[in-house]
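Asks: Okay, here's what each chain looks like letter by letter:
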Amino acid sequence: MDPKLTEVSQLFERFKAAFLRNDFDTCTRLLSQLKVSLTQFRSLPPLFEATPNAIDELNLARDIYEHAVVLSVKTEDQDAFERDFFQLKPYYTDAGNRLPPSPQEHPILGLNLLRLLVQNRIAEFHTELELLSSAAMENPCIKHAVELEQSFMEGAYNRVLSARQTVPHETYVYFMDLLAKTVRDEISGCSEKAYDFLAISDAQKMLLFSSEQELLEYIKEEHSEWEIKNDFVYLQKAKESTPCKEIPSLQLINQTLSYARELERIV
Amino acid sequence: MTQDVEMKEKDHTTPSHSVTTVVPSTFQNLKEIASLIETGSYTKEVRRIGRAVRLTISLRRKLTASVLSAFLDFALVPGSEAHTRLSVYLPKQDEHEMEVDTATSVSQASGKHLLPELEIYCYLLLLLFLIDQKKYNEAKACSSASIARLKNVNRRTVDVIASRLYFYYSYSYELTGELAEIRGNLLALHRIATLRHDELGQETLLNLLLRNYLHYNLYDQAEKLRSKAPRFEAHSNQQFCRYLFYLGKIRTIQLEYTDAKESLLQAARKAPLAARGFRIQCNKWAVLVRLLLGEIPERTIFMQKGMENALKPYFELTNAVRIGDLELFRNVAEKFADTFNADRTHNLIVRLRHNVIRTGLRNINISYSRISLADVAKKLRLNSQNPIADAESIVSKAIHDGAIDATLDHTNGWMVSKETGDIYSTNEPQIAFNSRIAFCLNMHNEAVRALRYPPNTHKEKESAEKRRERHQQEQELAKHIAEEDDDDF
Numbered sequence: 001m002d003p004k005l006t007e008v009s010q011l012f013e014r015f016k017a018a019f020l021r022n023d024f025d026t027c028t029r030l031l032s033q034l035k036v037s038l039t040q041f042r043s044l045p046p047l048f049e050a051t052p053n054a055i056d057e058l059n060l061a062r063d064i065y066e067h068a069v070v071l072s073v074k075t076e077d078q079d080a081f082e083r084d085f086f087q088l089k090p091y092y093t094d095a096g097n098r099l100p101p102s103p104q105e106h107p108i109l110g111l112n113l114l115r116l117l118v119q120n121r122i123a124e125f126h127t128e129l130e131l132l133s134s135a136a137m138e139n140p141c142i143k144h145a146v147e148l149e150q151s152f153m154e155g156a157y158n159r160v161l162s163a164r165q166t167v168p169h170e171t172y173v174y175f176m177d178l179l180a181k182t183v184r185d186e187i188s189g190c191s192e193k194a195y196d197f198l199a200i201s202d203a204q205k206m207l208l209f210s211s212e213q214e215l216l217e218y219i220k221e222e223h224s225e226w227e228i229k230n231d232f233v234y235l236q237k238a239k240e241s242t243p244c245k246e247i248p249s250l251q252l253i254n255q256t257l258s259y260a261r262e263l264e265r266i267v
Numbered sequence: 268m269t270q271d272v273e274m275k276e277k278d279h280t281t282p283s284h285s286v287t288t289v290v291p292s293t294f295q296n297l298k299e300i301a302s303l304i305e306t307g308s309y310t311k312e313v314r315r316i317g318r319a320v321r322l323t324i325s326l327r328r329k330l331t332a333s334v335l336s337a338f339l340d341f342a343l344v345p346g347s348e349a350h351t352r353l354s355v356y357l358p359k360q361d362e363h364e365m366e367v368d369t370a371t372s373v374s375q376a377s378g379k380h381l382l383p384e385l386e387i388y389c390y391l392l393l394l395l396f397l398i399d400q401k402k403y404n405e406a407k408a409c410s411s412a413s414i415a416r417l418k419n420v421n422r423r424t425v426d427v428i429a430s431r432l433y434f435y436y437s438y439s440y441e442l443t444g445e446l447a448e449i450r451g452n453l454l455a456l457h458r459i460a461t462l463r464h465d466e467l468g469q470e471t472l473l474n475l476l477l478r479n480y481l482h483y484n485l486y487d488q489a490e491k492l493r494s495k496a497p498r499f500e501a502h503s504n505q506q507f508c509r510y511l512f513y514l515g516k517i518r519t520i521q522l523e524y525t526d527a528k529e530s531l532l533q534a535a536r537k538a539p540l541a542a543r544g545f546r547i548q549c550n551k552w553a554v555l556v557r558l559l560l561g562e563i564p565e566r567t568i569f570m571q572k573g574m575e576n577a578l579k580p581y582f583e584l585t586n587a588v589r590i591g592d593l594e595l596f597r598n599v600a601e602k603f604a605d606t607f608n609a610d611r612t613h614n615l616i617v618r619l620r621h622n623v624i625r626t627g628l629r630n631i632n633i634s635y636s637r638i639s640l641a642d643v644a645k646k647l648r649l650n651s652q653n654p655i656a657d658a659e660s661i662v663s664k665a666i667h668d669g670a671i672d673a674t675l676d677h678t679n680g681w682m683v684s685k686e687t688g689d690i691y692s693t694n695e696p697q698i699a700f701n702s703r704i705a706f707c708l709n710m711h712n713e714a715v716r717a718l719r720y721p722p723n724t725h726k727e728k729e730s731a732e733k734r735r736e737r738h739q740q741e742q743e744l745a746k747h748i749a750e751e752d753d754d755d756f
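Protein chains in written order, with the numbering used here: chain X, 1 to 267; chain Y, 268 to 756.
Any given hint could be a false lead.
In silico BS3-like pairs for lysine-lysine, Cα to Cα no more than 25 angstroms straight-line [claimed, not checked]:
| hint | chain 1 | residue 1 | chain 2 | residue 2 |
| --- | --- | --- | --- | --- |
| 1 | Y | Lys646 | X | Lys193 |
| 2 | X | Lys89 | Y | Lys495 |
| 3 | Y | Lys329 | Y | Lys746 |
| 4 | X | Lys205 | Y | Lys645 |
| 5 | Y | Lys645 | X | Lys193 |
| 6 | Y | Lys746 | X | Lys193 |
| 7 | X | Lys181 | X | Lys193 |
| 8 | X | Lys143 | Y | Lys602 |
| 9 | X | Lys143 | X | Lys181 |
| 10 | X | Lys89 | Y | Lys491 |
Read the hints as simulated data drawn from the structure, not as lab findings.
Generate the whole structure from the sequences, applying the supplied hints.
Replies: Structure follows, in structure tokens:
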């Protein structure tokens, strides 16, 4: 075996040991060392040279980046997640036919979909979705994210929240918690338009607060325009869409003049 | 020695004539094209070469191995490097006949200086022939060789032929399902074309690259390339149509429905009538995008001649969305799942579910002034564990997005529709009126700007003959596009 490869795999073993101990500082330190040493292999993307150890090297590198992605979730660092994921992606797409499929592939792809959903990058979400085969779509991890997006678009928020209980993978919890916050903001935005008033107890249930106190604080911070009067939250002041009484004369004059000008040009 | 050759020549002129009667005419036509290319190359008139390429397409169905080998002998010096390189790809014929053909044309060709245009043109002919004969592996080898040769030729008069070659290069790889392999090569070619200011080549290659990416659903890469590649006024209508179509697809995936609709409709309109396959594709995507936008496409779209069958699944889908019936929608999606998967529109259809619910809600909102949420859930046929809570949040989101005008009453579990006020008491009609007039005026201005005057029209009047020629060219062009697009889909 190539000495360089042995060295890297040993380092990776130490990383994995630290990872199991949940010693994230050591992990991050070791990971940056690993990433530097990975640059010395010419068989990895973007070069993809066919060296004798290519398969082993690719396999190891993929394993390292998979751990890096999971580590970034555990340290709750979304930027690192994005970076690591993009480094990992070529191993799935471009080197996929040379390597045995990784058991981590679908959970990580689903995790990425979830991240895009949390960050509200729906266009990218759909772009990623197009890359998945119909078999991959059936995978519980991917399906979870896809169904979440659908419920989110429809507005079936309680389905989003109940999905938290059925996460297919432990790493999903971090993003699901973030999603719950987004959902709360969405719900309050929608309720504001949809209801005239709500009983405090209902509002508390709807906005997923465990106590009335939390609800009141939330209202004070985010929606100071809501009124609280004898056990009811008044979400919107009586607004009348008054029919237009006066004629917008200036605008009309401008429009008519421009019609005249254009018509003159035609004739 | 000379006698020997003459003997053979005499021997074989007769049988070759008698075997195939088409040979002389096709061969004659090819010769004419070759001379057209020659003059084009000497006078540096790209127009003539373009014409030659179009004429070739009309000959395409008549090409045979013997005609081709005769033409190769005529155009290239037999025994020369180019000749040997090219004739490898021709299916082996009777040894005897080959010899004779060589002998006959030596005298004509040897005096000539070989033009790169002609050589490249021979590649194109061969490639057309190989693809039509379904010899895809040979076509692949031949196209790769031609591309390698092309990289060393830098003449503007070659560009037209080159752009066709690029197309068939990619096409031959697509037929064998190895598109990914040539991506790097196409990118390199695009770079070369850009450096050489070969705009037609850039246009063609950009489309091929987009097609390549989209073939593997790499929308991200396609969009990055598209947004960074240089754009200029389109040189060829067919390439522009394709570009619009790819652009529309990318935008649809990225949820920019309004822009996508514009591109797709424009592509469908600009495509020549004969390019049926292409227009069907455009229409399918356009229908979906319009549905996603919440519009209902007119029935006439589905009744276009020759498209009824292909568009039927989309027609039923539209119907389901229009009625707002989730159950029907689900059935249609299942019934035509194969079609949608083949069209790779399945994901878009999944997105449509949301629109079906919206339409259903809007219908309920219009029909009832007050309805309980349980009934809403029943009418929408939401299949979930907690239909009332689902219905409530779906309704509240619809209200938030402005899809319906209503309020919710949580304690009673009602949805109360708001009275629609008198729209004519507001400024709404005035605004609608203004936007329509602005559209018309804008259309007129655009039309005026788009008028083109051919150069030198004031100097010479178009003679009857020229006009006829031009008409013929246009027809050829239309046919050409049609054939290609039939191949595509």
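Asks: State for each hint whether it applies.
Replies: Hint check:
1. For the proposed pair Lys646 of chain Y and Lys193 of chain X, the alpha carbon gap of about 23 angstroms is at most 25 angstroms, so the pair holds.
2. At roughly 23 angstroms between alpha-carbon atoms, Lys89 of chain X and Lys495 of chain Y fall within 25 angstroms of each other, so this suggested pair holds.
3. The straight-line distance between the Cα atoms of Lys329 of chain Y and Lys746 of chain Y is roughly 15 angstroms, inside the 25 angstroms bound, and the hint therefore holds.
4. With a CA separation close to 24 angstroms, the supplied pair Lys205 of chain X and Lys645 of chain Y stays within the 25 angstroms bound.
5. The suggested pairing of Lys645 of chain Y with Lys193 of chain X holds, with an alpha-carbon distance near 24 angstroms, which does not exceed 25 angstroms.
6. Among the hinted pairs, Lys746 of chain Y with Lys193 of chain X is inconsistent with the structure: their alpha-carbon atoms are about 57 angstroms apart, more than 25 angstroms.
7. Distance check on the hinted pair: Lys181 of chain X and Lys193 of chain X sit about 19 angstroms apart at the alpha-carbon level, within 25 angstroms; holds.
8. Of the pairs offered as hints, the one joining Lys143 of chain X and Lys602 of chain Y holds, with about 21 angstroms between alpha carbons and a cut-off of 25 angstroms not exceeded.
9. For the proposed pair Lys143 of chain X and Lys181 of chain X, the alpha carbon gap of about 22 angstroms is at most 25 angstroms, so the pair holds.
10. About 17 angstroms separates the Cα atoms of Lys89 of chain X and Lys491 of chain Y, which keeps this hinted pair within 25 angstroms; it holds.
Comparing the model with each earlier hint shows a violation of hint 6 alone; every other hint is respected.
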